[in-house]
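Chemist: One letter stands for each residue in the lines below.
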Amino acid sequence: MGRALRRRAGGTGLRFLNPAETRIYWGGDGSLRVEVGGLNHTVSRVARAFPLTAPGKYIALLDEEEREIGWVEEVDRLDRASAEALRRALERAYFIPVITRILDLREEYGVYVWETETDRGPRTFEVTSRHHVREVQPGHVVVKDAYGNLYDIPDITSLDDQSRTLLDPLI
Amino acid sequence: MGSEAEGFPSTFLDGDLVEQVPDSIRLELGAEEKVLVAVSGDLTPQNQYGRSWLIVTGGRLYAYGSEGDEGPTAVIPLSEVEDVEVRRFVGNDVLVVKTPDRAVEALRATKTHAPKMDRARLALLGLLHARGKREAERPVGPTVEDGGGRQVRCSKCGRVIPPWTTVCPACISRRAVIWRILQYVRPYRLLAAAGLALSILLAGVSLIPTYLLKPLVNNVKPGADVGILITLVPILLGVHALRLLLSAARQYSLSKLGERIILDLRTRLYEHLQILSMSFYDKHSTGTIMSRVLSDTGRVQGFVTWEVQQLIVDVLTLTSIGVFLFYVNWRLAVLVLTPVPVLAVATKLFSGSVRRLYRKAWTRWSNLSATLADAIPGVSVVKAFAQEGREIDRFNGKAGDIYETHLHIASLSASFFPLMGFLMSLGALMLWWVGGRQVLAGGGFTPGDLMMFIGFTWQFYGPIERLSNFSRALQEATTSAERVFEVLDMMPEVEDRRDAVTLPPVRGHLRFEHVSFAYEGGEEVLHDVSFELKPGQTLGLVGPSGAGKTTLVKLILRFYDPTEGRITLDGHDLREVRKESLRRQVGMVLQEPFLFSGSIAENIAYGRPDARPEEVIAAAKVANIHDFITTLPEGYDFEVGERGHRLSGGERQRVSIARAVLKDPRILILDEATSFVDTETESLIQEALNRLMMGRTAIVIAHRLTTVKNADKILVLEEGRIVEEGTHQQLLRNNGLYGRLCRMQAQLSVIAE
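So the sequence lines, in the order shown, correspond to chains A and B. Numbering follows our numbering, with no gaps: position 148 of the first sequence is 148. Numbering follows our numbering, with no gaps: position 640 of the second sequence is 1640.
Here chain B stands alone, though its shape is the one from the complex (with noise of 0.2 Å):
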């Protein structure tokens, strides 16, 4: 029982109310009591890890704060309980059961059986529900979904689900994974070929040297005939200068494998990245789908043409040599296989420290390059704050633990790898001696074979190191490409239909109706909004932040799909519209306004990149951003930088709205166009916006009320319903939240002024 309770009990995973009880518990009850709801936790009253149980019975409540047989330590008839809650506090969860004079801690748990406690919290209130209407049982079954949220655990072998996937990395089949990474060798099974040949033939030649020991140490002797040198060297020569033809060669060749694998694997990862709808984005961080990109798929081509390769060269180098080995002289065969073991144990523990030791060194390089992507952007606030000397000191800290972690490792390969040399020694020693006694003996054991035989061992030793580590490797490879395989299996959500027709150039008359919306696994944002837009009509947004404002734009763009309700366009409903048809005719200005890194022209044109210079030097002058731009001396091929940031926020803002008036489009999305600005430029980007929503139905999210006082209708809206809806002047006569906004806006900019 002790495990169960620091570990995790398996009714935790299947989410069932009724657990099995402890005998200790189930005779005190009585056996006659029907249980209806059994859950357990894993604090004690004490606040100990312990498991503490929660029983409910046709007529009473139990809590019990441990297993032991102390009794319950509270006891409250069902018909006394007014209300049950769930307390969240940090760490630990407590359900509370409220009586008309008290509330009583019925069972407390740690954040591990959270979801658990708001299952306990339905099943009970239904309980008493069922109780007041009726007085009949209801069933309480695992009826009440997990609160939404992902998988946290595996439920097929307990463990954790790291986060940055949702497949179980324990019990996905390396098999089936490993031939799915094969596929992508299929369309080079040419050069892969070519590949494993080369590397065959390369281990089979290098061989032969160590085979040629044999009669060039056995007659090259004082007065023995040069004929054999004759013969040998120019052999020797030969092979040595193949072995650097195939070398190259086979460099070659893998090289040019891994680099088309890699190519084909990324390009068919980012094809599918930009394909994956707007809720893939939400989950995954950019870090992590870069890693994806970048170094996951590094892993696979390294891979898939060296690992592989070398582990196929490696177990034939190892079975011929070993085969040969035994076929001369079995007796040494078997002296030379005792080091091995010794051999692949310390590898195998060497590497696993060594592994220890870089991932030190790699958490604090992180950490050093944390310090540093905080404090060099942040340079400005480190001088005005004069702190220059705390930033060098925190710098210099973490440049010493780096310097430390790095010389632990250069002691410790310092040492194993002469060691390992030393371990070989021994192994070719063993043979000097037992198998020099035989060649003395003078049995058919010449001096010959005795060399060939220690220079084999040699050639032996080298691919044990190599396979000690192939588990690792192999574990590492199928982790990297199931991560990369999961993003590739992924659908998008938000799918075209088969039948989805391409949307017709609209005029632009838009509805809402009866629209709500959640994202996936939360709680509903956008709650029955309709509306209807005429064409040319502008709307305006309003609200306090996370009203689903910028929810509801999203769905006219169909980043999601409303989850109940439609929305039509011309009369369209925009499911069964093809997504690109509806995004050419929806034209945005963002909050942010995000730039790629290009010249100005090439921003403009974004949206259409074959306009030509002319509509995009038109589409600035709308956008009164032309201007500015004839003061570069680069003009329209003046390079914005990543993301913009050579320019300001009101340069970028007016290069997002040209490249709007560039589209042309028929719906407008404005989101707060006008924030953060200074005045001139404000009525710089407010003039280019009345240009550009002339004759466009436009929507705008405004903070700013002024933006929206000359809409045709304005919705308020806030946690995801509309409360008002109207003109300026209608909302200001019903002096609801829109009046209240008002006029705090308007003091606002009495103090400005």
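Bound-form chain A, shown alone (with noise of 0.2 Å):
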């Protein structure tokens, strides 16, 4: 794969597509293709190493047999069209809608019910375990529904309080 892909600390090193030579686009098919130092792939699975911390760094784009074509150290170092393509692309394989504010939060027999309002529409969800309601880092609340949903809150202080007073129990 030549120059495009600079190596890193030998054979188990990450192999980063350099963002001058890489092209990431929507082909007419409806699949995602990357062109990288004049080879063409088609990309089957976009894969964020840290999809909760950093979901904007470390993307792994794979092949139909799920070889690493290569990795994208950082989406917004890409040239735009390919960052838009490399977007719509992470929408879909990462459903984390963002909830800007906790309408209602209460227990049910041991099930936790959430009403919220998020950057994807108003949503109602269940949560089975306090467990599922995981501080990823100081401030970063990361929720997972009784079918598996994820729901993000990046920064707690940022919501309001009653949203905050709701959530205070549970972490």
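Check each hint, because a few of them may be wrong.
Listed below are the simulated EDC-like cross-link pairs for lysine to aspartate or glutamate, each with C-alpha atoms no more than 20 Å apart in a straight line [claimed, not checked]:
no.: 1; chain 1: B; residue 1: LYS1554; chain 2: B; residue 2: GLU1523
no.: 2; chain 1: B; residue 1: LYS1621; chain 2: B; residue 2: GLU1651
no.: 3; chain 1: B; residue 1: LYS1256; chain 2: B; residue 2: GLU1307
no.: 4; chain 1: B; residue 1: LYS1348; chain 2: A; residue 2: GLU107
no.: 5; chain 1: B; residue 1: LYS1713; chain 2: B; residue 2: GLU1725
no.: 6; chain 1: B; residue 1: LYS1554; chain 2: B; residue 2: GLU1592
no.: 7; chain 1: B; residue 1: LYS1156; chain 2: A; residue 2: GLU108
no.: 8; chain 1: B; residue 1: LYS1621; chain 2: B; residue 2: GLU1634
no.: 9; chain 1: B; residue 1: LYS1348; chain 2: A; residue 2: ASP79
no.: 10; chain 1: B; residue 1: LYS1098; chain 2: A; residue 2: GLU65
no.: 11; chain 1: B; residue 1: LYS1398; chain 2: A; residue 2: ASP168
no.: 12; chain 1: B; residue 1: LYS1554; chain 2: B; residue 2: ASP1570
no.: 13; chain 1: B; residue 1: LYS1098; chain 2: A; residue 2: ASP29
no.: 14; chain 1: B; residue 1: LYS1398; chain 2: A; residue 2: GLU64
no.: 15; chain 1: B; residue 1: LYS1534; chain 2: B; residue 2: ASP1570
no.: 16; chain 1: A; residue 1: LYS57; chain 2: A; residue 2: ASP29
no.: 17; chain 1: A; residue 1: LYS144; chain 2: A; residue 2: ASP155
no.: 18; chain 1: B; residue 1: LYS1348; chain 2: A; residue 2: GLU108
no.: 19; chain 1: B; residue 1: LYS1621; chain 2: B; residue 2: GLU1680
no.: 20; chain 1: B; residue 1: LYS1098; chain 2: A; residue 2: ASP63
no.: 21; chain 1: B; residue 1: LYS1098; chain 2: A; residue 2: GLU64
no.: 22; chain 1: A; residue 1: LYS144; chain 2: A; residue 2: GLU117
no.: 23; chain 1: B; residue 1: LYS1621; chain 2: B; residue 2: ASP1664
The hints are simulated quantities; they were obtained by calculation from the structure and are not laboratory data. Since this is a predicted model, take the numbers as computed values, not measurements.
Relying on the hints, combine the two individually framed chains into one complex.
Modeler: Written out as structure tokens, the structure is:
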């Protein structure tokens, strides 16, 4: 794969795609494609290494055989069109709405019922264990509902008072 | 419609694949088109929550991104569809329809609808299949099963069922549960009746001093006869002494009742836990089972004894004082009642917010104990990586959180109880004001009446506080009780038939006949396994992890029954013999030997507690552990600690071999007994095992192929199937998976040397 891939630390290092030589776009057949150093690959999967703590960094592009085509170190460093195409793919691969407000959070028979507003619209969901409310970094909370859907609260201090009061007993 | 999109459409619950299509879409399709499949998702193509649709008619597939009038986002003739797949992502699934030249996202939904996506895919594939074969329309109904797994939602009320139970706690009949709890009181009904009688008596007696306030106040005044004191003071003394006795007797009888009930319940529960099949333990974690045995039973005990008795006493006290007050002076009685609603509401609000705070404190407590549970066993890692400072900071942070929360609780309680006192004083003050004027006016209402009245008022307010919190106690107790009863009601899945026979001593002729097995709700882990093992032969089981080796031996022990086929031992179908008589003749040495806390001797004799000491020592000798034991100052009385943690891995292993030796089983199961030990220990163990296997039918699960080299037969399993079968030499010649594994291990051992 040659010069386009900057090799690091020998064989086990990450192959970072050089942003200047990388172009990511959606093909006419509905698949994501990456062109790097003159070679063209179909990307069958995009995988974040840190989906919760660094969603915009360290993204692996994998081909149909689950082999690494290469890593995008930072989405923002790609050219605008490529970044846009990759973001669209990531949006699909990781649907994690951001909770902007908690309207109600009550316990019914050991199940926590959350009524929230998210950046993807209003949502009511149930959480079956307090271990599914997880502080991944100080002030950054990720919630998993009964079906395995994830919800993100990147910064609890930016929530309004009512939301914080409701959330407080759980963290 | 909006509320349905964010909530859960009812159609999700019954698994119907022809949902009610909204009119906006229905009109577009035209009335004459027959809808074969109509499924809705809860995500739009723009990644917003909202209802989207996938609709299949006789000839075409329509994808609607919303329910508005924008029209379909994609229309694909069914004849062009080649394949349908569900792509699973984080937080959402996408149903993708493939045509020769493109892949179209036909429907998107959150994980909430994951089973429905699979059903939709199968239904679409069914349609394609039917078209390809005979152009006929096959009716599509909810024929496809849910992908196994437990029920997430209650089918009655739609609530999510908590993970620790399988019954919806909102839909259980509280009355039935309480009735069942009371059944546990029945054997002790005399004790319960005595406790109740004492409680009522005590409550009644407690009213007497207040009642006597009236004659005391009215008659003890300058110039009055001292006779009143001579009668009343001894009476009061007697009343107080009686209260002392009653109170002590009540305390004792209720405690005894509670302890008896909890003893019964715990014993019943534990007995039942021992009977339940392994599949119960697959589904529930040790923590939840322990909390059922310990805290849930405790909560039920508290409820049946104290709460119920207190409820009866409180209701009686309240009504009797109430009736009496109205009888004496109804106007004042009405005044007494005025602060009651405020008291009740305030108590409820307060207990609500205190509960919230206590939950917070509890969450933080468990965070702190989790930190400790991490850091203390891992202290050598902490020190080796020089992270003491960070661990101290982590602990301090969490401890500080607890301090803050408890301070919050303290400040809330500090203001609440005086406030309640103040409210009650207000009630009493109103009485002074209104009642005092009645006394001054000189009607029949004496100062003594007023004093008595005020005294009863204070006694009236007490029960109100308790009663306001009763519904909560009731809910907690019934939920706990339900969790306990749920376990008691569970039937073991592997149960002896009523006509099961006792397995006579066997020679050890084992046969698997077309055995298949799947764990409940899961995929098949063994497919059509057949083999025969003659008495005294050794069978080696080889294969990658997850191939089904452990499952296979669990079937021999009848931890589970095969889903298809049968297993026979000396010609007896295992399902037709008593589990106990089977297991008595099977010995097992596990991958991670499990010792119970107790002495080494007790652990060796676990399968035969009546074994004589010389037998225990002989077994230890066979297991190559005797020499080690004699070096211990306590010898065979050495306490091994919880799970045997005071012994090394190799020592535990040999103790467990000695255990199997002593049991002298006809069939022996060894699960890779020689991993994680040094070479010398390994040879000690190997020697012990060879002695143990002599003359017995043995099944050996091995990751190291040297262990099974001398086996009479080796089965190579892969994904639940037998892929190779034969002796070591035969398999090497075959040059299949076994040959490959052998070469890999040979290379490794070369490196090791």
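Chemist: So, for every hint listed, does it hold in this structure?
Modeler: Checked hints:
1. B/LYS1554 x B/GLU1523: Holds, at about 17 Å.
2. B/LYS1621 x B/GLU1651: holds, 13 Å
3. B/LYS1256 x B/GLU1307: At roughly 15 Å apart (the allowed maximum being 20 Å), B/GLU1307 and B/LYS1256 satisfy the hint.
4. B/LYS1348 x A/GLU107: Answer holds: B/LYS1348 to A/GLU107 is near 16 Å, not above 20 Å.
5. B/LYS1713 x B/GLU1725: holds, 7 Å
6. B/LYS1554 x B/GLU1592: holds, 15 Å
7. B/LYS1156 x A/GLU108: Between B/LYS1156 and A/GLU108 the Cα gap is close to 16 Å, so the pair holds against 20 Å.
8. B/LYS1621 x B/GLU1634: holds, 17 Å
9. B/LYS1348 x A/ASP79: violated, 60 Å
10. B/LYS1098 x A/GLU65: holds, 19 Å
11. B/LYS1398 x A/ASP168: holds, 14 Å
12. B/LYS1554 x B/ASP1570: The given pair, whose Cα atoms are some 18 Å apart, holds under the 20 Å limit.
13. B/LYS1098 x A/ASP29: Judged against 20 Å, a Cα distance of about 10 Å means the pair holds.
14. B/LYS1398 x A/GLU64: Distance of about 46 Å is beyond 20 Å: violated.
15. B/LYS1534 x B/ASP1570: Roughly 9 Å between the alpha carbons, so the hint for B/LYS1534 and B/ASP1570 holds.
16. A/LYS57 x A/ASP29: Not satisfied, since the Cα-Cα distance of roughly 27 Å exceeds 20 Å.
17. A/LYS144 x A/ASP155: holds, 17 Å
18. B/LYS1348 x A/GLU108: Roughly 17 Å separates the two Cα atoms, so the pair holds.
19. B/LYS1621 x B/GLU1680: Satisfied, since the Cα-Cα distance of roughly 17 Å is no more than 20 Å.
20. B/LYS1098 x A/ASP63: Given that 20 Å is the threshold and the Cα spacing comes to 18 Å, the pair holds.
21. B/LYS1098 x A/GLU64: It holds: about 16 Å lies between the C-alpha atoms, which stays within 20 Å.
22. A/LYS144 x A/GLU117: Measuring from Cα to Cα gives roughly 16 Å; hence the hint holds.
23. B/LYS1621 x B/ASP1664: holds, 14 Å
Consistency with the previously given hints fails for numbers 9, 14, 16, ordered from lowest to highest.
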